[in-house]
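Since the structure of chain A is already known, use the hints to place chain B on it.
There are 2 protein chains.
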Amino acid sequence: MVASPTGSWKDGPVPPTSPIGLHRVIDPPGVLPQAARVLDPDPTVGADEVRVRVEALNLDAASYRQLEQSHRGDGAAVRAAVLDIVAERGKMQNPVTGSGGMLVGVVDEVGPESPLGLHPGDRIASLVSLSLTPLRIDDGLARWDGRSERVPCDGTAILFGRSIAAVLPDDLPAELAMSVFDVCGAPALVARVVADRIGRGLPTVVAVIGGAGKSGSLALAAARATGATRTIGVVPIEAEAVSLRGADLADAVTLADARDPVALADAVASVGGPADITVVCVDVPGCEHGAILATAEGGVVIFFSMATSFTAAALGAEGLAADVTMLVGNGYVPGHAAYALDVLRGSPGARGLFEARLAREETSP
Amino acid sequence: MVASPTGSWKDGPVPPTSPIGLHRVIDPPGVLPQAARVLDPDPTVGADEVRVRVEALNLDAASYRQLEQSHRGDGAAVRAAVLDIVAERGKMQNPVTGSGGMLVGVVDEVGPESPLGLHPGDRIASLVSLSLTPLRIDDGLARWDGRSERVPCDGTAILFGRSIAAVLPDDLPAELAMSVFDVCGAPALVARVVADRIGRGLPTVVAVIGGAGKSGSLALAAARATGATRTIGVVPIEAEAVSLRGADLADAVTLADARDPVALADAVASVGGPADITVVCVDVPGCEHGAILATAEGGVVIFFSMATSFTAAALGAEGLAADVTMLVGNGYVPGHAAYALDVLRGSPGARGLFEARLAREETSP
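Just so you know, the protein sequences line up as chains A and B, in that order.
With my numbering applied, the first sequence closes on residue 1307, and no number is skipped along the way.
With my numbering applied, the second sequence closes on residue 1307, and no number is skipped along the way.
Because the hints were derived from the structure by calculation, they are not lab data.
One thing to keep in mind: the hints can contain errors.
Here are the computed distance ranges between Cβ atoms for each label pair [unchecked claim]:
(1) B:Ala1205 x A:Gly1188: 51 to 57 Å
(2) A:Gly1040 x B:Ser1012: 32 to 38 Å
(3) B:Arg995 x A:Asp1225: 41 to 47 Å
(4) B:Gly1294 x A:Asp1225: 44 to 50 Å
(5) A:Val973 x B:Leu1197: 17 to 23 Å
Straight-line C-alpha distance at most 20 Å; calculated DMTMM-like pairs for lysine to aspartate or glutamate [said to hold, decoys possible]:
(6) B:Lys1156 x A:Glu1260
(7) B:Lys1156 x B:Asp1138
(8) B:Lys1156 x B:Asp1190
(9) A:Lys1156 x B:Glu1260
(10) A:Lys1156 x A:Asp1225
(11) A:Lys1156 x A:Glu1180
Among chain B residues calculated to face chain A with C-beta under 10 Å, some are [to be verified]:
(12) Leu974
(13) Pro975
(14) Gln976
(15) Ser1012
(16) Leu1074
(17) Gly1169
(18) Thr1171
(19) Asp1202
(20) Phe1245
(21) Phe1246
(22) Thr1250
(23) Leu1262
(24) Val1266
(25) Thr1267
(26) Val1270
(27) Tyr1274
All residues carry an ideal CB built from backbone N, CA and C; glycine is no exception.
Just chain A, same shape as in the assembly:
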């Protein structure tokens, strides 16, 4: 890791850049870009940076909700607020929620030392948050009415040496690709864990809690594609069980409230469990004990849910004398975006679930 530069970005010969963008941090100095109040959005790329001409921002749902509520739905006021934030901060990070979102754009210039493998003209979605991305808006957001999370815009953004950008595929609609990118860490990590256990001769019954959702369905598809001996999808309601069975993504589908540990463990056991790998893809709190209880001795629990309580997981396993490996589901595995698209391409069932979800989102208010 390159040490923080000693001078300002604009002094003399170009100073070394930091792969994590420390050189872009204006205030306060020395913190990570995500924690900074102000970043430098200068479009001149450093040696390992990439400049993207932005086509649209997708504001994080929490951020948009906060802006909409605080401006009482006044689109022009919301637009002005976003312009102010970006002008002041050099990035789109909601000062109240701390959240950002992501962007879609076209690669404009690639620094000679950029390790990202991008080329000018690549149409990409950023997979690191806007909350750490230097951004400059050039069109006053003239094409945005301020009434939705999708912000058409013209501007420039900077990707650091360490960054994650996914090239939008030619063969899939952009909205579909992006909804996959949203959850691509899950199938990638599940595949990695399944493959690792197969390589070591360990059993691979995989249970996905929340199997009908975006990350859950791709996790099931990835598990099967990687050779898991049995896949089990757990869902909370009959309608999801019907969807999941229709998608033919799991060897078995069972119903359970994931917040009821005994019920969850019993449900998984009833269809071939306990699981050797339990994947938690539901976003409700309180699923830790159940996930642990549903997992066989020596097994793995992968928590993807952002509602996961670290202490509930740690103390839960201890209190149940459970010898399980518990992973914090990392949203990043190298190649995860491309891999997730391949999983989707190879799984008509998963693709169907994604397309149905997108269709519902378009029609609901």
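Here is chain B on its own, set in the frame of chain A:
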């Protein structure tokens, strides 16, 4: 896992017991013992249970603090409150804090199917919380003044099939053994991860954040004992650096505020990092980004700190495009208590730190 029994515990022939004590749950039915309001503390052991004649309870610090404050330091009132809780709930779980503590006692009777490997006469410390342990107090806590966390008492407790009890060693003072038991998950899991990576030909530079503390020092000792190529201890203040160097537990000791990600990563890099395995043993919030940044690509971060934020870890790794495996530090690894005692026995440096800490605790108010 045995299904929940259909009848009451006292009806007819002894019903199957649940290895996780579901048959002891009176109210509300169907929840885990830790979540129950009331457990059945009947001293009659089920086939896979163990009865312990309790010598002392150690109330969890948060629980004792709550009781002391709410009864304004009146020892008799605190004693009465604890008696009431145990009489009503059949366990010592503070209804306000939800916490328990642990117990020390002598094994009295072992059910024929108990898998715990205990024998009548074994003097043990329970490593599962009092908050899930059926307990009956027989002496009205007559020997407790209500003014400290240590509660001498006479009573019975039940250990389930799945439980964790550590036999107190003959060769070490009980207080020392118990202070090791308190943190024995850390050295055991670190040893497991180091050994696994060595077996796979992966590098093993180990950095322990909070290396001078109880879990940190044992983690360092275990890493070295298992064959880590280099051990690095990170501490926040010079006094701890002096202690840690004096204990000769790490190849290098460096100072850093673990809440400053850049400083932490730089400090680890300055003494042989980045680390292949980073172990977080400090209990202050905000150490996630630093731990991730201090870890090499393909490395492992093990979070033991109960202050760990799941989302900070997950989003932090994603935002830094960090390909690291992040483990929720499980307090339980089979054999961890005995292993931790062995690590202590083999490490005069670690033992010295533990003994110094105990001496300080005895002398401070």
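Practice task
Please write out, lowest number first, the hints stated earlier that are contradicted by the structure.
Solution key: Hints 7, 15, 17, 18 not satisfied by this model.
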